[in-house]
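Participant: Model the placement of chain B on the given structure of chain A, informed by the hints.
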Amino acid sequence: MPHKTFFAFILPSLIAMVLFIALPIVSVVVQSFYVEHGRILVEVENCQPFGGCTKEVRVDADATARLEQEQPLGQFNGLGTYLNRGHLAVNELGAIFADNRGLADVLTRIYNLPFYKALAFTLVFCFVVTPLAMALGFLIALAVNTIPRFIKGPVIFFSLLPMIITPLVGSLILYWMIHPQGIIGATIQDIFNDPRLSLRASPLLTWLSLLFYGIWTNAPFSFVVFYAGLQTVPADTLESAMIDGASRWERIRFVIMPHLAPLATFVALVQLMDNFRVFEPIVGFSAEANATSLSWMIFNDLSGDAQLFGSAGATSVLTIVGVVILLLPVLVRTWREFNHKVV
Amino acid sequence: MKHFLAAGVSIAALCLGAGAAFADCGVTAGSVRILSNDFEALRLVNSTAEECATDAVKVTANATAEHKNLQVPALSINPAEYTVAVVANNSIVPLLNDNLIRPLDDLVAKYGQDLQPNQLIKIDGKVMAIAFMGNGQHLFYRKDILDKAGVAAPKSWDDVLAAAKAIKDAGLMETPPAASVKPGWDLAAEFVNAYLGTGGEFFAPGSAELAIDNDNGLKVLETMKAMTAYMDPDYLTFDANGIKAEYEAGKVAIMNEWGSLAGATLDAEGAADGVVANTVLAAAPTIAGQSIPGAALWWDGFTIAKNISDEDAEASFRAMVHGISPDMVAKNAAVATWLVKGYTPGPAAVGVIANATGGARAYPMQPYVGLLHTALSAELAEFMAGQEDAKQALADVKAAYDTAAKEGGFL
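So the protein sequences, as listed, match chains A and B. Note that the working numbering gives residue 108 to position 108 of the first sequence, counting from 1, and the numbers run on in steps of one. So the working numbering is basically just the index in the second sequence, starting at one, shifted up by 343.
In isolation and in its complexed conformation, chain A is listed as follows:
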């Protein structure tokens, strides 16, 4: 295809990508370097139904509006927001390393900082859910591939359900099931004979529930891709392996798995990116006390009684940086292969 035709072909999606992906990211990056103007405060009389009139502090809205007119983005703060306690917490980390009582103390105090607490759960979620969900998806794909044709349709449909259900609804369903009066929660209490045992109370059990949900909801994607991949496994290679006396496990290990390896890279890439942005299960499971994620931090900055756009922007940029770091090994490999082919 000539370069010109190719360019014309992808131009519409290129424009859409610039408009809806690139520009918003640029705007978020710019926003993250700014904080609000210093508010001009005045003390005024304030009367309300309860407690009568009192002297209270108010923002001088006109004076603040004039400041905003001059500099609509706010005050330039450079990397200040990135380095403050809500994000990378450089000063706090310095203090912890300068004066501590051993490794356990260092870890506890770092975990007490909101960004690192969120990062810890986000990374654990990424690296536990991605491989396990892929393994489960692969197993389902192998199983579905061998069942008789006439029940394949319904089985595939049911295997895909976790992916079809909206994540928030899916997590709520599981959340209600692990309620002490729900089917799973009550059964577990019965098995361990402990009426105060609750999957929602302890940090460890909450994490396990969230990870279980993550695997359940992510497996179908791997399943679909691997199932499609299985249809392309060359039949004659499999047949010759059988003639050579290879068992089912050996055929999977030495024929199917190498054949699906490139697909697995692709699935891992997509899943890592997805799982790094884990958000819905935390809200659905009301797990904020025990588990937070980077996306949840952004949500927390933008909802509630006061909104912090600079802080949300900084967390978003750090999330993007995190995704890039996660994908770096794969990107580097793809780049090398690409160069190799050209040469």
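Since the hints were derived computationally from the structure, they do not count as laboratory data. Ideal Cβ positions, reconstructed from N, Cα and C, are used throughout, including at glycine. Careful, some of the hints might be misleading.
Derived BS3-like pairs: lysine-lysine, alpha-carbon spacing no greater than 27 Å straight-line [what the hints assert, rightly or not]:
1. B/K486 - B/K568
2. B/K568 - A/K117
3. B/K491 - B/K469
4. B/K594 - B/K498
5. B/K594 - B/K508
6. B/K486 - B/K469
7. B/K491 - B/K508
8. B/K469 - B/K684
9. A/K55 - B/K649
10. B/K491 - B/K568
11. B/K649 - B/K469
12. B/K508 - A/K55
13. B/K469 - A/K117
14. B/K486 - B/K498
15. A/K117 - B/K741
16. B/K749 - A/K55
17. A/K117 - B/K465
18. B/K465 - B/K684
19. B/K465 - B/K486
20. A/K55 - B/K469
21. B/K498 - B/K511
22. A/K55 - B/K465
DEER-style ranges, computed between Cβ atoms [stated by the list, open to error]:
23. A/T108 - B/S390: 50 to 60 Å
24. B/E383 - A/L269: 32 to 42 Å
25. A/G78 - B/D467: 47 to 57 Å
26. A/A16 - B/I420: 18 to 28 Å
27. A/G78 - B/K734: 25 to 35 Å
28. B/I420 - A/G78: 27 to 37 Å
29. A/V321 - B/G632: 50 to 60 Å
30. B/K401 - A/V321: 45 to 55 Å
31. A/V169 - B/A554: 35 to 45 Å
32. A/I320 - B/A496: 55 to 65 Å
33. B/E383 - A/E68: 48 to 58 Å
34. A/P262 - B/P416: 40 to 50 Å
35. A/G38 - B/L515: 54 to 64 Å
36. A/L14 - B/P416: 39 to 49 Å
Here's a subset of chain A near chain B, in silico, CB distances under 10 Å, partners left out [unchecked claim]:
37. V35
38. G52
39. T64
40. P180
Facilitator: For chain B alone, kept in the frame of chain A given last:
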């Protein structure tokens, strides 16, 4: 076809008749667009205001729990998306900070004959909002269970703890008390309630410097933590609706719950046998030997957007005054604790009124109190889960608040 025509004509006649009956709000032209939170009392006010709609006047209402996130952007544009924003102590603050609502003095003078002086929210001498109902968290308890356990009606948090212990020791209930301590807005509200009860101030006078890192703050946290020993082990997942469900199921004997949910708790719907008949509403418990109920008093009221035409502002004001008219309140006395003229409190209003007469303080309206609320909502979670001590929790709240206040331009 004939039938359709007949039906059409009679429907038209009905509509005309209805229009004529409701034409008494006197609005002749303009557009009224209401944004409000979503609960029964506000829906009622909205639908009453909607009666003012005529051919020349359009009245629409959007009642949504997301109102706080919508209001600032929606009122910033010109003309504003909504002409009326229904707010409370906390949600009026962002509108004031950004200068998005207009003074109502001239409208009150012209059309506010039915309003009482204490309904007018005055800031710097100007009326900025019209309050129409009060709200707050207070005690709901089961008289039968307390009698069986042999404890008197609790007045202070120490009484509540003693009652919880007595009920549990007597084997009457596994988890006698409940409070909405789900991390997030609810947990922070619990802290604010009890802290107000100590008589302490949140900020150093005249500045945004946080001042809760003291004995009062520690006492509040200790009390909150002591309660959790008797609560359902899932307490960190319970918000206000969650504890209402537990209470109605008969699993809880004492809870600190919103007055606006009293009506729904006292109706028989969804409640186990004996719960409704034995429920007593009382003022919020006192704390630290003080005499005032440890609860924030809240008002709900309406404001009129700045970026709209005077005609729309006038129409909106008159429609809302109709929405909170003494007539409507007389017909729906049980729905809320109204602040409107001629209101006779029903059984559901007892708790909020007990809070007010007991001298409870209003939820603070400083411009930076929202930042404190957010800091409390995230940083108290680990303390409530038992993962850190009270001193550390208060230090974390201060650090988180300072970070946010610097970014918000207050420090």
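Participant: Take the hints in turn and mark each one as holding or not.
Facilitator: Hints versus structure:
Among the hinted pairs, B/K486 with B/K568 is consistent with the structure: their alpha-carbon atoms are about 25 Å apart, no more than 27 Å. Our distance criterion of 27 Å between C-alpha atoms is met by B/K568 and A/K117, whose separation comes to about 22 Å. Of the supplied pair hints, the one linking B/K491 and B/K469 is violated, its CA atoms being roughly 53 Å apart against a limit of 27 Å. The hinted pair formed by B/K594 and B/K498 meets the criterion: a straight-line CA distance of about 21 Å does not exceed 27 Å.
Note on B/K594 and B/K508: the hinted pairing holds, with a Cα-Cα distance of about 15 Å set against a maximum of 27 Å. Restraint check for B/K486 and B/K469: the C-alpha separation of about 46 Å exceeds 27 Å, so the hint is violated. Between B/K491 and B/K508, the direct Cα distance comes to roughly 13 Å. Compliance with the 27 Å bound is thereby established for this hinted pair. For the hint pairing B/K469 with B/K684, the CA-to-CA distance comes to about 21 Å; that is within 27 Å, so the pair holds.
Taking the CA atoms of A/K55 and B/K649, the gap is about 25 Å. The hint holds against a cut of 27 Å. As the CA atoms of B/K491 and B/K568 are separated by approximately 26 Å, the hinted pair is consistent with the 27 Å bound. Among the hinted pairs, B/K649 with B/K469 is consistent with the structure: their alpha-carbon atoms are about 14 Å apart, no more than 27 Å. Distance restraint check for B/K508 and A/K55: the Cα-Cα separation of roughly 43 Å exceeds the 27 Å cut-off, and the hinted pair is therefore not satisfied.
A distance of roughly 46 Å separates the Cα atoms of B/K469 and A/K117; the hinted pair therefore is violated under the 27 Å criterion. Between the alpha carbons of B/K486 and B/K498 the distance comes to roughly 14 Å, so the proposed pair stays at or under 27 Å and holds. At roughly 18 Å between alpha-carbon atoms, A/K117 and B/K741 fall within 27 Å of each other, so this suggested pair holds. For the suggested pair B/K749 and A/K55, the alpha carbons sit about 24 Å apart, so the restraint of at most 27 Å is met.
Straight-line distance between C-alpha atoms of A/K117 and B/K465 comes to about 43 Å, which puts the hinted pair past the 27 Å bound. A C-alpha spacing of about 19 Å is found between B/K465 and B/K684, which places the hinted pair at or below 27 Å, so the restraint holds. Using a Cα cut-off of 27 Å, the hinted pair B/K465 and B/K486 is violated, with the two alpha carbons roughly 41 Å apart. Under the criterion of a C-alpha separation no larger than 27 Å, the hint pairing A/K55 with B/K469 is consistent with the structure, at around 14 Å.
Only pairs whose Cα atoms come within 27 Å are accepted, and B/K498 paired with B/K511 is accepted, the gap being roughly 19 Å. Between A/K55 and B/K465, the direct Cα distance comes to roughly 11 Å. Compliance with the 27 Å bound is thereby established for this hinted pair. Distance hint check: the CB atoms of A/T108 and B/S390 are about 54 Å apart, consistent with the given range 50 to 60 Å. The given range of 32 to 42 Å is broken by B/E383 and A/L269, whose C-beta atoms sit roughly 49 Å from each other.
Roughly 36 Å separates the CB atoms of A/G78 and B/D467, a value that falls outside the hinted 47 to 57 Å. About 26 Å separates the C-beta atoms of A/A16 and B/I420, a value consistent with the hinted range of 18 to 28 Å. Checked against the hint of 25 to 35 Å, the pair A/G78 and B/K734 passes, with Cβ atoms roughly 33 Å apart. In this structure, B/I420 and A/G78 meet the distance hint of 27 to 37 Å, their C-beta atoms being roughly 31 Å apart.
At about 52 Å, the CB distance of A/V321 to B/G632 agrees with the hint of 50 to 60 Å. Our hint of 45 to 55 Å for B/K401 and A/V321 holds, since their Cβ atoms are close to 49 Å apart. Taken as a hint, the range 35 to 45 Å holds for the pair A/V169 and B/A554, whose Cβ atoms sit roughly 44 Å apart. For A/I320 and B/A496, the Cβ-Cβ distance of about 57 Å falls inside the hinted range of 55 to 65 Å, so the restraint holds.
Distance hint for B/E383 and A/E68: a CB-CB separation of about 38 Å, inconsistent with the stated range 48 to 58 Å. A/P262 and B/P416 have their C-beta atoms about 46 Å apart, which keeps the hinted 40 to 50 Å range intact. In this structure, A/G38 and B/L515 meet the distance hint of 54 to 64 Å, their C-beta atoms being roughly 57 Å apart. Checked against the given bound of 39 to 49 Å, the beta carbons of A/L14 and B/P416, roughly 30 Å apart, lie outside it.
Checking A/V35 against chain B by beta carbon gives a least distance of about 5 Å; that is within 10 Å, so the hint holds. A cut of 10 Å between beta carbons decides the hint on A/G52: the least distance to chain B is about 9 Å, and the hint holds. Given the 10 Å rule on beta carbons, the hint for A/T64 holds: about 7 Å separates it from the nearest Cβ of chain B. The interface hint given for A/P180 holds, since its Cβ lies 7 Å from the closest Cβ of chain B, which is under the 10 Å cut-off.
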